[in-house]
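Required output: the full structure, derived from the provided sequences and hints.
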Amino acid sequence: MKTFLLLTNTGKLDYTGCNILKLEYVKDSEPVDSIHCCSGAPGRQFFRKGCDSWARSLEPLPEGQWYVDDIVWAGDTDVFDAYQIWSSGIGPVTIPLEYVGPEETDRSAIEIHIDWNSRYSPGTAGCIGIYSIEDMKKLVEWLRESDPRDLFVDWELGSCPISAE
Numbered sequence: 050m051k052t053f054l055l056l057t058n059t060g061k062l063d064y065t066g067c068n069i070l071k072l073e074y075v076k077d078s079e080p081v082d083s084i085h086c087c088s089g090a091p092g093r094q095f096f097r098k099g100c101d102s103w104a105r106s107l108e109p110l111p112e113g114q115w116y117v118d119d120i121v122w123a124g125d126t127d128v129f130d131a132y133q134i135w136s137s138g139i140g141p142v143t144i145p146l147e148y149v150g151p152e153e154t155d156r157s158a159i160e161i162h163i164d165w166n167s168r169y170s171p172g173t174a175g176c177i178g179i180y181s182i183e184d185m186k187k188l189v190e191w192l193r194e195s196d197p198r199d200l201f202v203d204w205e206l207g208s209c210p211i212s213a214e
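So the number in this note's numbering is just where the residue sits in the sequence shown, counting from 1, plus 49.
The reader is advised that the hints may include incorrect statements.
Here are the simulated EDC-like pairs of lysine to aspartate or glutamate, each with C-alpha atoms no more than 20 Å apart in a straight line [what the hints assert, rightly or not]:
1) K61 to E73
2) K187 to D127
3) K51 to E190
4) K187 to D82
5) K98 to E152
6) K71 to E205
7) K51 to D77
8) K61 to D203
9) K98 to E153
10) K51 to E194
So the derived label-pair ranges between C-beta atoms look like this [unchecked claim]:
11) E205 to S78: 14 to 22 Å
12) E79 to D125: 28 to 36 Å
13) A104 to D77: 35 to 43 Å
Keep in mind the hints are simulated off the structure, nothing from the lab.
For glycine and all other residues, C-beta sits at the position ideal for the given N, C-alpha and C.
Next up, the structure:
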């Protein structure tokens with residue numbers, strides 16, 4: 050039985066023009082819960098395989114398998130206020146991701162964080178942007194519950210390892 054996160058595209062747009070993505074918590078091979086999020090900047094919503102995705106493109110993170118690193122807090126653990134943040138775009142908590150494959154990608158510094166500055170600069174530079182504090186709390190809860198270390202990003206381009214299983 051496998052526990053992991055799965056990111057897919059709903060095919061719908063949010064109010065900024067970013068695609069609404071679905072981040073799913075899969076536990077023991079069964080979908081348990083999900084939240085909506087975004088990735089990339091409005092106007093840069095081009096979904097690619099890892100080998101076709103280049104650095105600083107402002108596009109969504111590429112399709113493939115990613116390693117979910119440890120939760121990192123800007124200040125005190127579980128504090129979601131505006132006084133303890135990494136930056137105006139990242140907010141109080143971030144979860145670094147590392148590309149596993151297939152092949153390689155030029156993309157780096159990809160993380161999961163709240164889209165903290167969505168009111169004046171919506172979207173991300175390729176990170177997964179969580180829409181709300183409540184949804185980020187839910188994600189943190191999933192990670193603490195079963196410590197999933199795999200994130201599968203499936204844009205239906207044929208390179209996501211979970212699609213082939």
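Evaluated hints:
no.: 1; hint: K61 to E73; in the structure: holds (16 Å)
no.: 2; hint: K187 to D127; in the structure: holds (12 Å)
no.: 3; hint: K51 to E190; in the structure: holds (18 Å)
no.: 4; hint: K187 to D82; in the structure: holds (9 Å)
no.: 5; hint: K98 to E152; in the structure: holds (9 Å)
no.: 6; hint: K71 to E205; in the structure: holds (14 Å)
no.: 7; hint: K51 to D77; in the structure: holds (5 Å)
no.: 8; hint: K61 to D203; in the structure: holds (16 Å)
no.: 9; hint: K98 to E153; in the structure: holds (10 Å)
no.: 10; hint: K51 to E194; in the structure: holds (14 Å)
no.: 11; hint: E205 to S78: 14 to 22 Å; in the structure: holds (20 Å)
no.: 12; hint: E79 to D125: 28 to 36 Å; in the structure: holds (34 Å)
no.: 13; hint: A104 to D77: 35 to 43 Å; in the structure: holds (36 Å)
Violation of the numbered hints given earlier is absent; every hint is satisfied by the structure.
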